[in-house]
Amino acid sequence: MRMLSRDWYLDDAPASRLQANAGRFYRAGGLLLRNPLAVVGGAIILLLVLTAAFAPWIAPYSAVGQDLSARLLPPSAQHWMGTDELGRDILSRVIHGARITLMIVALVAVISAPLGLIIGAVSGYFGGLVDKVLMGITDVFLSMPKLILALAFVAALGPGIENAIIAIAITAWPAYARIARAETLTFCQSDFIGATRLLGASHGRIILRHVLPLCTSSMIIRVTLDMAGIILTAAGLGFLGLGAQPPLPEWGAMISRGRVFILDQWWVATMPGFAIILVSLGFCFLGDGLRDVLDPKQGGKS
Amino acid sequence: MSAPLLSVEDLRVSFPTPTGRVEVVKGLSFDLGRERLGIVGESGSGKSMTGRAILRLVRAPGRVAAKRMEFEGTEIQSLPERRMRDLRGARISMIMQDPKFSLNPVMTVGRQIAEALQAHERLGRRATRERVLEMLEAVRINDPERVASMYPHEISGGMGQRVMIAMMLIPRPSLLIADEPTSALDVSVQAQVLDLIDELVRDHGMGLILISHDLNLVSRYCDRIMVMNAGRVVESCAASELHRAQHPYTQGLLAAVPRMHETRPTLPVLDRSQWSGT
Amino acid sequence: MSAISLQDLDISYGTAKVVEGVSFDVAEGESFALVGESGSGKSTVLKAIAGLAPDWTGGISVLGQPRGHRPDRGFARRCQMVFQDPYGSLHPRKTVDTVLSEPLQVHGLGNRDARVEEMLGAVGLDRRFRFRYPHQLSGGQRQRVAIARALMLEPKVMLLDEPTSALDVSVQAEILNLLKRLRAEQGLTYLMVTHNLPVVGFMCDRMAVMNRGRVVEIAPAAALHDGSFSDPYSRALYAASGGTAHD
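Here the protein sequences line up with chains U, G and C, keeping their order.
Okay, so the first sequence: first residue is 1 according to my numbering, each after it adds one.
Okay, so the second sequence: first residue is 303 according to my numbering, each after it adds one.
Okay, so the third sequence: first residue is 581 according to my numbering, each after it adds one.
In case anyone wonders, no lab produced these hints; they're calculated from the structure.
Do not take every clue at face value.
Unchecked claim - Pairs of lysine-lysine, DSS-like flavour, derived with a Cα cap of 30 Å:
1) C:Lys760 / C:Lys736
2) U:Lys132 / C:Lys597
3) C:Lys674 / C:Lys627
4) G:Lys402 / C:Lys627
5) C:Lys627 / U:Lys132
6) C:Lys760 / C:Lys674
7) G:Lys402 / C:Lys597
Said to hold, decoys possible - Computed spacing ranges between beta-carbons, pair by pair:
8) G:Asp573 / C:Gln645: 39 to 47 Å
9) C:Arg792 / G:Arg384: 43 to 51 Å
10) G:Arg365 / C:Asp811: 50 to 58 Å
11) G:Glu377 / C:Asp811: 29 to 37 Å
12) G:Gly335 / C:Arg707: 51 to 59 Å
13) U:Gly128 / G:Arg384: 50 to 58 Å
14) G:Arg361 / U:Pro114: 34 to 42 Å
15) C:Pro672 / G:Gly346: 45 to 53 Å
16) G:Gln548 / C:Gly654: 51 to 59 Å
For glycine and all other residues, C-beta sits at the position ideal for the given N, C-alpha and C.
All chains should be built: construct the whole structure from the sequences, respecting the hints.
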């Protein structure tokens, strides 16, 4: 088939909108694959997604089934990561925990990135009073430590995984708003925006169709890099007992439970810890790779 | 003419692209005495890269190769970087396109010129200052004392370019490379700056390489002209002979410029198929 | 009715007044040049007419209708602008097709495919270019796209801000020829800002010479043939541009 061949993607004179876009993604994808760290990061994230999708089939045991006769067993052939204080298989819990982690990450990204993007773009585009008010609000949020602010929100909304997600999303958007605004300021005076205004396009259209697409690549990079932080904040809330509630196998909560046994039964707290580190690293690597590919300012073009 | 100041043979500059290395300068050879040579071409012709290659300023991943590249009898290519730094500025100077990007914004004009001098000569403070003011006067800055204490953002584009010239000429180099020295300036200032370069070059008996896209301008200020297209020299002639240019590219370039006494209904357009095969 | 009419136009940026008391009329179908050196305010006048420099007082009317201080949709159908830098005037992430379809979408005009193809032909771009991104185009091709975008709404008045000063001379000739042909074919009125006097001689009927925010002289383009300028600044500019006056 002509379509989907290498030449089709790299055609210098694409015949359709679809082909032009596909070609752009193909080139970016090619660059990404040539970056070893990005490939490692991507593989880790892919592993996380697959694990989350097939958790019930992969996990050797139930995530919540207790077996008090098998309490606190060290890692062995039967229980690769050992068991916890209620005799639950830690590997199974870590695998099921991937679902919770992925859900937190995805929901936070879906809520906070677009929110920050729009607030930042509107603020940078209009400037003046709008800018002052919106950035004032942003600064208020930025001036408080993230975890403390999330803690306050969870305390007000009540503990639970949904509220934890909302709390993290609320604390994450101001950073994105700042980036989107800075990005918008660099090109909102440029000729192509002026030309579009001259065509009679509304402000909404210009922001949505012209400003936002230019902010998204730096935003994707930033969000990917922040994922590690989001996972850690979620784990922190879980650790403090304000995130996922038992018996949900949330990694942070698992570490918290294992803390009591950390000296004698180290695996209870360490195994979910490893999972957190691995996934955080995966997002960091992928984010760095994306920066090289998507951000021309970093010299990714050469 | 005695031994040439600069002698270049088979200069090649190449850059890597996803589809392999591409040469932007493809085998350039010329000798330069104490004369004024103009290199003319459109963007992408390799004219700027030629200037940079002579000063070894082509950055990696760009690669420069030449059979021979001698300046005052010394092979430039094999010089260690430290010796090259001494050569740059002291013996060969370069004036770039836009003074705004070439001057340090947080240093006064006077100090920058003084630094250019001190990098190559050991002089006392008083002697340095005298030389700086003398140089500023030489580039026709009326009030050198005042200008020396100003910052780059406080002076106009034309004056900025004059300061650049002062900076480049104060170590008394024997070769000056000017890469589009006036294309960022207004027409009325352009002539002043070029007249100034011309006068200084002739007074000091220096060699000049003037790189520009403007054929008429180059023909006015140079003795000899090389026309470059796609990395090659397509025509080389005395400036006074330019109107008798042979190559269709040169003829096309000359014809494409609108004239002050314009009466042609349409401008002739270059037919690139005529020579691109050669 | 004149195509563009300026009455006593003052324009300021913040507290600094950059244009003072500019008045002139451009007749319908005429090609009028604003010449001057950098800082003379010539581009600012163009921006004010386009609505991109809102801080002005005085009167601006285009095709008999006074314009407000902001871009508006009705104005967009009558008057469009081509910018100086073809590298900055096209959105880096949009294909030629998207750029040319946009004006039609904004104004709810149909038959987009045919119109885009037709316009590509009119500005001398092959169909192959339709789905390319700006970084796949040369400077001259980009400027053709920018001209096509301006013409999509079939305006009668075109504002040209140094449309060829960022281009090589051979490409400049192509673009100037194109602009001249389009004007003849579509009966356009041009107001062109430039610092290049020979370009004025090729493209324009009349010109206004600006210096330090004021119009010092309005002369026919024929003055370039013999240097018959009355103002000393115009004469100096003419001489610096390589003109020789015959008195």
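Results of checking the hints against the structure:
1. Our distance criterion of 30 Å between C-alpha atoms is met by lysine 760 of chain C and lysine 736 of chain C, whose separation comes to about 14 Å.
2. For the suggested pair lysine 132 of chain U and lysine 597 of chain C, the alpha carbons sit about 26 Å apart, so the restraint of at most 30 Å is met.
3. With a C-alpha separation of about 24 Å, the suggested pair lysine 674 of chain C and lysine 627 of chain C falls inside the 30 Å cut-off, and the hint holds.
4. A distance of roughly 25 Å separates the Cα atoms of lysine 402 of chain G and lysine 627 of chain C; the hinted pair therefore holds under the 30 Å criterion.
5. Taking the CA atoms of lysine 627 of chain C and lysine 132 of chain U, the gap is near 27 Å; set against the 30 Å cutoff, the hint holds.
6. Distance hint between lysine 760 of chain C and lysine 674 of chain C is fulfilled; the C-alpha atoms sit about 28 Å from each other, no more than 30 Å.
7. Annotation: proposed proximity of lysine 402 of chain G to lysine 597 of chain C holds, straight-line Cα distance about 24 Å (limit 30 Å).
8. Distance hint check for aspartate 573 of chain G and glutamine 645 of chain C: the Cβ-Cβ separation is about 45 Å, which falls inside the suggested range of 39 to 47 Å.
9. Between arginine 792 of chain C and arginine 384 of chain G the beta carbons are some 50 Å apart, a value that agrees with the proposed interval 43 to 51 Å.
10. Take arginine 365 of chain G and aspartate 811 of chain C: their Cβ atoms lie about 54 Å apart, and the range 50 to 58 Å holds.
11. For glutamate 377 of chain G and aspartate 811 of chain C, the Cβ-Cβ distance of about 57 Å falls outside the hinted range of 29 to 37 Å, so the restraint is violated.
12. In this structure, glycine 335 of chain G and arginine 707 of chain C meet the distance hint of 51 to 59 Å, their C-beta atoms being roughly 53 Å apart.
13. Between glycine 128 of chain U and arginine 384 of chain G the beta carbons are some 54 Å apart, a value that agrees with the proposed interval 50 to 58 Å.
14. Restraint check, arginine 361 of chain G to proline 114 of chain U: a C-beta distance of roughly 40 Å satisfies the suggested window 34 to 42 Å.
15. Take proline 672 of chain C and glycine 346 of chain G: their Cβ atoms lie about 20 Å apart, and the range 45 to 53 Å is violated.
16. The given range of 51 to 59 Å is respected by glutamine 548 of chain G and glycine 654 of chain C, whose C-beta atoms sit roughly 56 Å from each other.
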